[in-house]
Amino acid sequence: MKVLVPVKRVVDYNVKVRVKSDQSDVDIANVKMSMNPFDEIAVEEATRLREQSVATEVVAVSCGVAQSQETLRTAMAIGADRAVLVQTDAQLQPLAVAKLLKAVVDKEQPQLVILGKQAIDDDANQTGQMLAALLDWPQATFASKVEVTGDRVKVIREVDGGLETLDLKLPAIITTDLRLNEPRYVTLPNIMKAKKKPLETLTPEELGVDVAPRLKTLKVAEPPARAAGVVVPDVAALVDKLKNEAKVI
Amino acid sequence: MSILVIAEHDNAQLKGATLNVLAAAAKLGGDVHVLVAGANAQAVAQQAAQAVGVAKVLVADAPALENALAENLAAQVLALASGYSHILFASTASGKNVAPRVAAKLDVAQISDIIAVDSADTFQRPIYAGNAIATVQSADPVKVITVRTTGFDAVAAEGGQAAIENVDAVADTGLSAFVSREVAKSDRPELAGAPIVVSGGRGLGSAENFKVVEALADKLGAAVGASRAAVDAGYAPNDWQVGQTGKIVAPQLYVAVGISGAIQHLAGMKDSKVIVAINKDPEAPIFGVADYGLVADLFQATPELTKAL
Numbered sequence: 001m002k003v004l005v006p007v008k009r010v011v012d013y014n015v016k017v018r019v020k021s022d023q024s025d026v027d028i029a030n031v032k033m034s035m036n037p038f039d040e041i042a043v044e045e046a047t048r049l050r051e052q053s054v055a056t057e058v059v060a061v062s063c064g065v066a067q068s069q070e071t072l073r074t075a076m077a078i079g080a081d082r083a084v085l086v087q088t089d090a091q092l093q094p095l096a097v098a099k100l101l102k103a104v105v106d107k108e109q110p111q112l113v114i115l116g117k118q119a120i121d122d123d124a125n126q127t128g129q130m131l132a133a134l135l136d137w138p139q140a141t142f143a144s145k146v147e148v149t150g151d152r153v154k155v156i157r158e159v160d161g162g163l164e165t166l167d168l169k170l171p172a173i174i175t176t177d178l179r180l181n182e183p184r185y186v187t188l189p190n191i192m193k194a195k196k197k198p199l200e201t202l203t204p205e206e207l208g209v210d211v212a213p214r215l216k217t218l219k220v221a222e223p224p225a226r227a228a229g230v231v232v233p234d235v236a237a238l239v240d241k242l243k244n245e246a247k248v249i
Numbered sequence: 250m251s252i253l254v255i256a257e258h259d260n261a262q263l264k265g266a267t268l269n270v271l272a273a274a275a276k277l278g279g280d281v282h283v284l285v286a287g288a289n290a291q292a293v294a295q296q297a298a299q300a301v302g303v304a305k306v307l308v309a310d311a312p313a314l315e316n317a318l319a320e321n322l323a324a325q326v327l328a329l330a331s332g333y334s335h336i337l338f339a340s341t342a343s344g345k346n347v348a349p350r351v352a353a354k355l356d357v358a359q360i361s362d363i364i365a366v367d368s369a370d371t372f373q374r375p376i377y378a379g380n381a382i383a384t385v386q387s388a389d390p391v392k393v394i395t396v397r398t399t400g401f402d403a404v405a406a407e408g409g410q411a412a413i414e415n416v417d418a419v420a421d422t423g424l425s426a427f428v429s430r431e432v433a434k435s436d437r438p439e440l441a442g443a444p445i446v447v448s449g450g451r452g453l454g455s456a457e458n459f460k461v462v463e464a465l466a467d468k469l470g471a472a473v474g475a476s477r478a479a480v481d482a483g484y485a486p487n488d489w490q491v492g493q494t495g496k497i498v499a500p501q502l503y504v505a506v507g508i509s510g511a512i513q514h515l516a517g518m519k520d521s522k523v524i525v526a527i528n529k530d531p532e533a534p535i536f537g538v539a540d541y542g543l544v545a546d547l548f549q550a551t552p553e554l555t556k557a558l
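Chains as they are written, first to last, in the working numbering: chain A, 1 to 249; chain B, 250 to 558.
Derived by calculation from the structure, the hints in this document are not laboratory data. Bear in mind that the values here come from a model prediction, so they are computed numbers and not experimental data. Hints may be right or wrong, so weigh each one.
[Stated by the list, open to error] So the derived list for chain B, only partly shown, Cβ under 8 Å to chain A, looks like this:
no.: 1; residue: 391
no.: 2; residue: 427
no.: 3; residue: 437
no.: 4; residue: 554
[To be verified] Listed next, the in silico EDC-like pairs over lysine to aspartate or glutamate satisfying Cα-Cα at most 20 Å (straight line):
no.: 5; chain 1: B; residue 1: 354; chain 2: A; residue 2: 222
no.: 6; chain 1: B; residue 1: 354; chain 2: A; residue 2: 106
no.: 7; chain 1: B; residue 1: 522; chain 2: A; residue 2: 106
no.: 8; chain 1: A; residue 1: 16; chain 2: B; residue 2: 431
no.: 9; chain 1: A; residue 1: 216; chain 2: B; residue 2: 389
no.: 10; chain 1: B; residue 1: 468; chain 2: A; residue 2: 106
no.: 11; chain 1: B; residue 1: 522; chain 2: A; residue 2: 136
no.: 12; chain 1: A; residue 1: 216; chain 2: B; residue 2: 356
no.: 13; chain 1: A; residue 1: 247; chain 2: B; residue 2: 467
no.: 14; chain 1: A; residue 1: 154; chain 2: B; residue 2: 532
no.: 15; chain 1: A; residue 1: 216; chain 2: B; residue 2: 370
no.: 16; chain 1: B; residue 1: 434; chain 2: A; residue 2: 12
no.: 17; chain 1: A; residue 1: 219; chain 2: B; residue 2: 367
no.: 18; chain 1: A; residue 1: 243; chain 2: B; residue 2: 553
no.: 19; chain 1: A; residue 1: 243; chain 2: B; residue 2: 389
no.: 20; chain 1: B; residue 1: 468; chain 2: A; residue 2: 160
no.: 21; chain 1: A; residue 1: 216; chain 2: B; residue 2: 367
[To be verified] The following residues of chain B were derived to be distant from chain A, with all beta-carbon distances above 10 Å:
no.: 22; residue: 304
no.: 23; residue: 378
no.: 24; residue: 454
no.: 25; residue: 541
Ideal Cβ placement from N, Cα and C applies to all residues, glycine included.
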């Protein structure tokens with residue numbers, strides 16, 4: 001079984017981004033970039049399926065600027081066998097990415113696609129579901145456990161108020177939640193090996209996909225700042241403030 | 250212009266989140282219809298019909314719709330989609346699961362987690378864990394939207410008198426099957442809608458110690474939350490997690506106990522009206538957003554606070 005894992009290059013999760021003064025966007029020049037944390041979990045899960053001999057090949061794919069190659073190399077250092085980059089400088093929105101991924105799926109014919117549940121930059125939480133819709137495949141989002149048996153996959157999902165188990169017919173789409181696994185650290189020898197693994201580059205034009213954005217961003221602003229708070233000396237003072245000043249209890 | 254709101258329910262009870270979505274729908278202006286897709290969910294339809302601002306309730310009743318499987322529910326929404334300018338879901342696990350599937354089939358962009366309606370085609374939504382607010386405009390003929398429930402005050406659950414109409418249910422797609430559900434039991438108010446939330450973090454040290462947080466919550470009639478660190482360490486169940494990847498809350502009072510205040514946690518609670526932090530580290534970032542901070546050992550301060558209330 002072939003597993004396809006889409007990965008995204010995003011601003012590192014530890015970076016607190018700033019909004020540009022002209023309010024056109026956030027400022028990500030000279031900011032540390034990394035693989036989206038949920039995608040790391042997706043690569044890890046695919047690699048584990050490969051190690052259990054459930055998967056025979058793991059292909060990482062990324063859509064975006066040339067530097068996304070680094071993200072794909074990381075995926076290959078974790079365990080992906082090869083990588084595909086759909087290279088474009090265009091601003092990609094989830095629908096466009098889902099269409100690009102559908103074209104890659106049509107080409108590669110995987111049985112399973114594992115994506116992160118959301119990217120920590122646009123916080124959209126859409127691409128996996130959209131890809132499932134475009135392919136007419138079943139989906140299991142927010143997965144915390146995945147079990148492949150024959151031509152079916154059982155997935156435990158994190159939902160509001162607890163957990164839910166679904167049984168899907170392959171081929172299928174899975175999106176990862178945080179608790180699916182703990183991604184391994186990449187080792188230096190594996191980073192070296194990843195440099196030799198094949199990386200194919202395609203373009204949206206070659207795939208015949210129109211990636212023009214559908215949503216126009218009119219403005220990006222700072223969220224309203226909270227007024228500075230006070231430090232209270234003890235519990236009694238805290239209770240007094242909550243009762244008499246804030247009047248919330 | 251008409252708007253379709255997808256009701257969130259468990260076949261017996263309409264979830265409160267739907268009332269927040271109705272408030273967002275009201276800001277758009279136009280006829281608001283509610284779709285109740287489920288199995289034997291007539292009671293839910295009755296409740297939806299009483300919500301203020303609803304013009305019509307559509308009921309699709311079939312066993313295949315019982316568990317809100319994305320494939321079947323999306324197909325049901327698509328079967329009704331023509332004629333609607335806006336299709337709204339709550340930004341809950343269920344809404345987030347289905348909405349993008351509907352949008353992709355309609356070949357439109359989906360707008361996630363809106364916190365404000367500027368006009369019928371322009372919306373505000375947080376990006377980068379809430380560190381920036383983007384104003385986006387959609388040129389698509391249909392706007393498929395998920396609504397952040399804490400961004401809109403719920404409409405009244407009673408006072409409306411909408412007509413209830415049965416619609417044909419779609420056939421089971423057969424692509425996926427529901428196996429089981431494990432519901433975390435709780436007598437406390439639901440985290441997402443609670444007026445007071447008390448959350449614990451890594452500072453608690455163990456699941457056993459989490460009891461000091463629970464005791465304070467019970468005294469306040471509050472819901473209990475947790476940081477990701479506390480959940481990952483096994484101190485608290487997953488669905489208590491507050492943050493970018495967990496639940497987004499905006500209660501009247503949020504008490505953070507032993508939580509440092511990472512960006513990802515703040516994303517889930519910084520719109521709370523009053524924030525209280527109890528932490529022994531005066532440098533903890535949580536003090537940057539707290540209205541009232543108490544630099545103290547939580548194992549002394551929390552029980553003391555519980556007693557003082």
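Status of the hint placing residue 427 of chain B at chain A (closest C-beta pair under 8 Å): 6 Å, holds
Residue 554 of chain B as chain A interface residue, shortest Cβ-Cβ below 8 Å: Residue 554 of chain B check passes; min Cβ-Cβ to chain A is 5 Å, inside 8 Å.
Straight-line alpha-carbon gap residue 243 of chain A to residue 553 of chain B, limit 20 Å: OK: residue 243 of chain A and residue 553 of chain B at ~16 Å, within 20 Å.
20 Å Cα cutoff - pair residue 16 of chain A, residue 431 of chain B: 36 Å, violated
20 Å Cα cutoff - pair residue 354 of chain B, residue 222 of chain A: Distance of about 34 Å is beyond 20 Å: violated.
20 Å limit on alpha-carbon distance, applied to hinted pair residue 243 of chain A and residue 389 of chain B: Violated, at roughly 49 Å.
20 Å Cα cutoff - pair residue 468 of chain B, residue 106 of chain A: 57 Å, violated
Status of residue 304 of chain B, Cβ more than 10 Å from any chain A Cβ: 28 Å, holds
Given pair status - residue 356 of chain B, residue 216 of chain A, alpha carbons within 20 Å: Since the Cα atoms of residue 216 of chain A and residue 356 of chain B sit roughly 16 Å apart, the hinted pair holds (cutoff 20 Å).
Minimum Cβ distance from residue 378 of chain B to chain A greater than 10 Å, as the annotation requires: Residue 378 of chain B not clear of chain A: closest Cβ-Cβ about 6 Å, inside 10 Å.
Assertion that residue 454 of chain B lies outside the chain A interface [Cβ separation over 10 Å]: 20 Å, holds
Proposed proximity, residue 106 of chain A with residue 522 of chain B (alpha carbon, max 20 Å): Violated, because 49 Å separates the two Cα atoms, which is more than 20 Å.
When the structure is compared with the earlier hints, violations turn up for hints 1, 3, 5, 7, 8, 10, 11, 14, 16, 19, 20, 23 and 25 and for no others.
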